[in-house]
Amino acid sequence: MTTATPVVPEVGRGLCDRLLYYLELMREIENRIELKLYRQGKILGGCYTGRGQEAIPVGSAVLAEPEDWLCPTHRDMGAFLVRGMEPRRIFAQYLGRAAGPTRGRDGNMHMGDLKLHLVPIISSIGASVPVAGGIALALRYRGLSNIVFSYFGDGATSRGDWHEGVNFAAVQKLPVVYLCNNNQYAYSTPLSKQMAVENIADRAAGYGIPAEIVDGNDVLAVHQATRRGAGHARAGRGPYLIECKTFRMTGHSAHDPAEYVPRSLFEEWARKDPILNLQKYIVDRGWATEVDFKQLHARILGEIEEAVEWAEQSPLPEPASLLDGVYE
Amino acid sequence: MSQTAAPALTTYLEAIRQGIWEEMERDESVFVMGEDVGLYGGAFKVTAGMLERFGENRVVDTPLSEAAIVAAGIGAAITGLRPVLEMQFADFISCAYDQIVNFAAKSRYRWGAAVPLVIRGPSGGGIHGGPFHSQNPEMPFVHTPGLKVVAPATAYDAKGLIKAAIRDNDPVIFFEHKMLYRRVKEELPAGDYLVPLGKAALRRPGRDISVITYGAMVLLALEAAETLASEGIELEVLDLRTLLPLDEEAVLETVRKTSKVILLHEDTRTGGLAGELAARISEKAFDHLDGPIVRITAPDTPVPYSPPLEAAFLPKASDVVQKARQLYRY
Chain A
82 MTTATPVVPE
92 VGRGLCDRLL
102 YYLELMREIE
112 NRIELKLYRQ
122 GKILGGCYTG
132 RGQEAIPVGS
142 AVLAEPEDWL
152 CPTHRDMGAF
162 LVRGMEPRRI
172 FAQYLGRAAG
182 PTRGRDGNMH
192 MGDLKLHLVP
202 IISSIGASVP
212 VAGGIALALR
222 YRGLSNIVFS
232 YFGDGATSRG
242 DWHEGVNFAA
252 VQKLPVVYLC
262 NNNQYAYSTP
272 LSKQMAVENI
282 ADRAAGYGIP
292 AEIVDGNDVL
302 AVHQATRRGA
312 GHARAGRGPY
322 LIECKTFRMT
332 GHSAHDPAEY
342 VPRSLFEEWA
352 RKDPILNLQK
362 YIVDRGWATE
372 VDFKQLHARI
382 LGEIEEAVEW
392 AEQSPLPEPA
402 SLLDGVYE
Chain B
126 MSQTAAPALT
136 TYLEAIRQGI
146 WEEMERDESV
156 FVMGEDVGLY
166 GGAFKVTAGM
176 LERFGENRVV
186 DTPLSEAAIV
196 AAGIGAAITG
206 LRPVLEMQFA
216 DFISCAYDQI
226 VNFAAKSRYR
236 WGAAVPLVIR
246 GPSGGGIHGG
256 PFHSQNPEMP
266 FVHTPGLKVV
276 APATAYDAKG
286 LIKAAIRDND
296 PVIFFEHKML
306 YRRVKEELPA
316 GDYLVPLGKA
326 ALRRPGRDIS
336 VITYGAMVLL
346 ALEAAETLAS
356 EGIELEVLDL
366 RTLLPLDEEA
376 VLETVRKTSK
386 VILLHEDTRT
396 GGLAGELAAR
406 ISEKAFDHLD
416 GPIVRITAPD
426 TPVPYSPPLE
436 AAFLPKASDV
446 VQKARQLYRY
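Listed in order, the protein sequences are those of chains A and B.
To get this note's numbering, take the position in the first sequence, counting from 1, and add 81.
To get this note's numbering, take the position in the second sequence, counting from 1, and add 125.
Note that these hints are calculated values from the structure, not bench results.
Predicted model only: the values in this text are computed from it and were never measured.
Yeah, the Cβ is synthetic: ideal placement off N, Cα and C, and Gly gets one too.
Be aware that a few hints might be false.
Said to hold, decoys possible - DEER-style ranges, computed between Cβ atoms: (1) A:L195 x B:N182: 19 to 25 Å; (2) B:S355 x A:P400: 52 to 58 Å; (3) B:N182 x A:Y268: 37 to 43 Å; (4) A:L225 x B:D425: 48 to 54 Å; (5) B:H253 x A:A286: 41 to 47 Å.
Unchecked claim - Pulled from the structure, derived: some chain A residues nowhere near chain B, Cβ distances all over 10 Å: (6) Y102; (7) N112; (8) S226; (9) Q253; (10) E349; (11) E393.
Claimed, not checked - Here are the simulated lysine to any residue pairs, SDA-like style, with alpha carbons at most 25 Å apart: (12) A:K196 x B:S154; (13) A:K254 x B:P188; (14) A:K254 x B:Y165.
Bound-form chain B, shown alone (with noise of 0.2 Å):
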């Protein structure tokens, strides 16, 4: 997100295709599949202009079928190609949820059986996209071994993540924050580079409290950061960045070192990951705490459509401001 004189600006969106793009030119086995990906380029534009340059074999427009698209993304990874597989928007991946979870999944523990695929799609509010189009549905996806689970934050990650996820030999959920694509912008380096899976980033070092998030949150954490900092409250960012596997040693670094911690989703409170981040850091990092773990997440509730309701419904940087300052002084 720098400023410099004329940088050549890459949005996360654009990252993401770039990722895909270079992955597809660099290994003759990587192809998308989904709905409209082909001739429209995709609902958001992720695979815009890539029927042109790949061709029909290699850039495959689907039926309105989530769990087909899915389903021959696993048979078709199975004999060895890299599928990256758009899900129009990440609410419909509850369609595929049997072949993610029962076929994907558990095909390397079952009988050896690698199935190196991706499946990538829009998640997140803030648009006032409504019940069906605002979710972000990762935890069933955590709660399921054999799957690794991806939330990019920059557009940086986002481009090396998604390398990284179509190299891996494992089914990778690759979710992508919807209301990131067009606003977050940034300078990335030329040629090709890979954001390793599982490695969380450190996004504002700060003495005080840890604030460990991920996606959308992470801009939320570091804007109440800047807030705080004038009132000499610093808070530490941490950017989980893959929520499966997770950096469970970042977790417990940035915990000991303040030994306050505010743990921030846009997900739904209940069964959301800071539940289980808190279980892991009252496991592993309990002596070090000086106060009691806060959960900043959104109510349990679907996701509303109206604006007020939305607004009420999202996470807010002043939320994290108000909690962190009742934990500062606790």
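Isolated chain A, as found in the complex (with noise of 0.2 Å):
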């Protein structure tokens, strides 16, 4: 692995500046999660992010066609961004709020959005993975070219229902990119504890499937095997696995200061941050200056408040409201 920005000339500047943008949008909006509104204690329960993760979602979910499906993970804020969620339907969703997409009933990162073609996860890491065979056996049955992302951390392909997804697809070649955010950590298990094989990729050979391992903190690396992965999957060749290697900039949640993870760790990888990855390819092409992202900063940053300000006004939700929707 190495932190050089790889040249990829068919990268343009359009995509440099959408890339950042949602780059950006996902830090700003977890720090305004985990860093204010949780210390704060209007976000109640567990609360995770994907800090220094964001080239992952964003990378690779900017290839979604607008009929494809996602089934993102708890790191995968940026998948949602890309997708269309409104920030202020997330923080909506955080402070369990009547206006988020599970209306109060779930909260954090278990959000989705049938029409934005956006399936929740739940707490059983990697039970989205068979999931999403599914969905893309819908896709094949009727007829559609669309593809499935499917996305997963180190942990989940410790679990059974990992394997089992993954084996159905590839038995079946069904069109689905699994990514993997291979973050180094499961809670605080790391990942010597957690597999006896080097990469996640080397799974892919016990179910006959192409795997390839990218740096998963420069997004058009990631953006480029996504590319690769999504056009195999498309062409009806079966499955495609991505691992992309990152660090966990965080704990596990927002109460967790990850004790367990040596403190040169963080530092080497906060160097390798995907922002300043990808800014430095910028500039270094003369496409835009600081001053320019000091701009999409502030931005940003008036997004959210607004964002927020909203979501804070909107109705919890009802007691009475309790018993609604178990059944049909």
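Each of the two chains sits in its own frame; use the hints to bring them together as a complex.
Structure, rendered in structure tokens:
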């Protein structure tokens, strides 16, 4: 692995601007959630972010077509944003408001939207992986050439559901792109206690599907790999696995100071920050300057301010609605 | 179960097969998926002939992966298809428990996504199947808001209920009692009909004691009722048909009528449906009771293999007769 930005000739300024916007939007929304609203006691329960891992959902999800489906995990806020879920709905979700996508029935990253083709995770890690296969089966059933983006972390690949799901999709040659966020820790468990193979990508051989490893902190590398994977899946050649090597720049959840992680690792990976990586790429090409980045940053903070204000003023769910919607 | 000159009798198994088949003819979004359901036609042949008629797209042979079968069904159902998923034996549904209980059942409540799937499979003992091919695993699902649970006792109901289950917009767990598959036969009406979910059926009216039951135990209750009729004891037999949602009104109505009640199931005792029924009867019809609520169930053991052990495990008609005599005299 290298932190050097690879030369990718077909990446133009428009795409870079778009990627940078979503990387920063995700970073700042999650900063607001974890470093402010959670600490203010306004967000209760679990609070997970994908700090430092933004390149994975952002770099991949921008390749999703409108009729594709995405099954993001709890580090993939960027996928929701790229897909068009408004920040104010996301804040409403975290604040337990009726206007959130689960209307207060579920919290944090457990959000989905049928119209946006976003399927929410459940807390049993990896459970969405075989579900993604079923969505892909349904797409083929209807004769569509759309695909499914199935996201998961390193820990998920220890679960039976993951293996059953990947095998099922491989046997059926289903159009799924698997995107692994290998951030090297599952809660406090390091990779060395998670698996006996070196790479998640090594697991693909057991299912007869292609896999590649990319620098998960390089949004352009993630993007290019996803382009290859999506092309493979859209062509009817079956699933494709992309392992994105990255690092979790937080604890598992907001309550977790991650004292089990050597500090030096945080320092090392802070230098590989995906936003800095992309900014360098942009500056090197003369497409923008520090001033432009500051303007973008200010614009994003303004959008967030507006969204939080809206969400905080939106109503909590009515207790009388408790029984609604268990059945049709 | 009529016996006319030359009636075309349909087995319980064939009724289910017909029901699925008709729904697949009627609605292109219906498909079946499971282990050995295609080429082989299913371990019990419930899906026999479907591959030839409907093709590989709609009759999907899967790896040996119950969790993946259910999960893939969930994914397909979220997009609007109507998968009918086979568990080769209902016992193996435990392998897919998380997907059913945490993904399928909670989906509508959490994010408004309907999961219109059916998970069906053979349950119950009496065939010397031993601990892993004989269980009645209904109760974990009855205890799961968001699911519907069905357990038919007749061929007519099996067909009408599977069709209703397939058309239902919520996830339905459909337990087929394997003892009934080929033993129960009846003449079915020609053409399309449904049996609504959530409605019990009065199998035999009687004035003295209500036996509330479901699945293969319905036959047992009717057999006991015949025996007792000759002694002047009239059993009323209520077949629940759907366990979730429970037809509480039908339960209370029969209790109000007879004032004495036997709760009968093949499932084991602790945490069985009888406990829930007893609580509801006590809450809502206590004043109508003229005797203790009696439970007849399998004991709290795994289902044993060896014939004398299995026979001792399963409730018998003679158990019903004996308990009914005691309750009658109370």
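Structure-based check of all given hints:
About 23 Å separates the C-beta atoms of A:L195 and B:N182, a value consistent with the hinted range of 19 to 25 Å. The hinted range of 52 to 58 Å is satisfied by B:S355 and A:P400, whose Cβ atoms lie roughly 57 Å apart. The hint said 37 to 43 Å for the Cβ distance between B:N182 and A:Y268, and at roughly 41 Å that hint holds. Take A:L225 and B:D425: their Cβ atoms lie about 50 Å apart, and the range 48 to 54 Å holds.
Between B:H253 and A:A286, the C-beta spacing of about 42 Å keeps the proposed range 41 to 47 Å intact. At roughly 26 Å from the closest C-beta of chain B, the C-beta of A:Y102 stays outside 10 Å, upholding its exclusion from the interface. At the 10 Å boundary, the C-beta of A:N112 stays outside the reach of chain B, the nearest C-beta of that chain being 26 Å off. No beta-carbon of chain B is positioned within 10 Å of the beta-carbon of A:S226; the least distance is around 15 Å.
Non-interface status of A:Q253 relative to chain B is broken: a Cβ of that chain comes within 10 Å, the nearest being about 8 Å off. Non-interface call for A:E349 relative to chain B: holds, since the shortest CB-CB distance, roughly 37 Å, exceeds 10 Å. Once the 10 Å rule is applied to beta carbons, A:E393 is consistent with being away from chain B; the minimum gap is 22 Å. Note on A:K196 and B:S154: the hinted pairing holds, with a Cα-Cα distance of about 19 Å set against a maximum of 25 Å.
Taking the CA atoms of A:K254 and B:P188, the gap is near 13 Å; set against the 25 Å cutoff, the hint holds. For the proposed pair A:K254 and B:Y165, the alpha carbon gap of about 22 Å is at most 25 Å, so the pair holds.
Comparing the model with each numbered hint stated earlier shows that hint 9 is the single one that does not hold.
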